[in-house]
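Q: Given only the sequences and the hints, what does the whole structure look like? Please build it.
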Amino acid sequence: MPKKALLVIAQQNYQDLEYERTRVELERGDFAVSVASGDGGTCTGKFGGSVRDTIPLKQVKVANFDCIAFIGGPGAETYTRDPEALRIAHEAATASMPLGAICIAPLILAKAKVLKGRCATVWDDGRGTQAGILTQAGAKYTGDSVTVDGKIVTGNGPEAAEEFGRTLVQLLK
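Each residue of the sequence shown is one higher than the one before, counting from 1 in our numbering.
Quick caveat, the hints were computed from the structure, so don't treat them as lab data.
Just so you know, not all the hints are guaranteed correct.
[Stated by the list, open to error] In silico SDA-like pairs for lysine to any residue, Cα to Cα no more than 25 angstroms straight-line: (1) Lys113 to Thr94; (2) Lys58 to Met97; (3) Lys173 to Glu27; (4) Lys3 to Lys58; (5) Lys116 to Arg87; (6) Lys151 to Arg28; (7) Lys4 to Pro83; (8) Lys111 to Glu27; (9) Lys151 to Pro83; (10) Lys3 to Lys46; (11) Lys111 to Asp82; (12) Lys4 to Gln59; (13) Lys58 to Thr44; (14) Lys46 to Asn64; (15) Lys3 to Leu86; (16) Lys4 to Glu163; (17) Lys3 to Glu20; (18) Lys4 to Thr142; (19) Lys58 to Thr80; (20) Lys61 to Ser96; (21) Lys151 to Gln59; (22) Lys3 to Gln170; (23) Lys3 to Leu172.
A: Here it is, written out as structure tokens:
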């Protein structure tokens, strides 16, 4: 029976390459991949990609998955204030399952209060804004392309997506 992974993407402006490359790596690792978004239905990527038939966040049952990852892109920032996204991140961390976030999405983990005392990375605007948010949440910002701390994996952008996906797979082998 394949392991189950959930990718959480923004309804609008998810990062297409991060989604595609992470999904490919999870599927190569024999994961059955489901996708969730704010309202469910069709999602549109920053570069024109489209994902249909996603699960609404409010219907996500964390216990049904072996791994959960938040995909970045400009739209992911809205999840830093979304109670359902924060619930999913918190429940996944509490369950000690592999939990990932890439690009700007590590800010979701920071706002869910699951990065305190942990090493993490994030896409940064060059002014230290996003790194500062991680630090304020009690994380130790590494600046690396991919950072692993226990069962939490963070990545800093599309170039890190393949390694990010492979790292999530390795945590369940």
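Q: Would you mind marking each hint as holding or not holding in the structure?
A: How the hints compare with the structure:
no.	hint	verdict
1	Lys113 to Thr94	holds (11 angstroms)
2	Lys58 to Met97	holds (19 angstroms)
3	Lys173 to Glu27	holds (14 angstroms)
4	Lys3 to Lys58	holds (22 angstroms)
5	Lys116 to Arg87	holds (16 angstroms)
6	Lys151 to Arg28	holds (20 angstroms)
7	Lys4 to Pro83	holds (23 angstroms)
8	Lys111 to Glu27	violated (29 angstroms)
9	Lys151 to Pro83	holds (22 angstroms)
10	Lys3 to Lys46	violated (29 angstroms)
11	Lys111 to Asp82	holds (10 angstroms)
12	Lys4 to Gln59	holds (16 angstroms)
13	Lys58 to Thr44	holds (19 angstroms)
14	Lys46 to Asn64	violated (29 angstroms)
15	Lys3 to Leu86	holds (23 angstroms)
16	Lys4 to Glu163	holds (19 angstroms)
17	Lys3 to Glu20	holds (18 angstroms)
18	Lys4 to Thr142	violated (29 angstroms)
19	Lys58 to Thr80	holds (15 angstroms)
20	Lys61 to Ser96	holds (15 angstroms)
21	Lys151 to Gln59	holds (24 angstroms)
22	Lys3 to Gln170	holds (12 angstroms)
23	Lys3 to Leu172	holds (9 angstroms)
Comparing the model with each numbered hint stated earlier shows that hints 8, 10, 14 and 18 do not hold.
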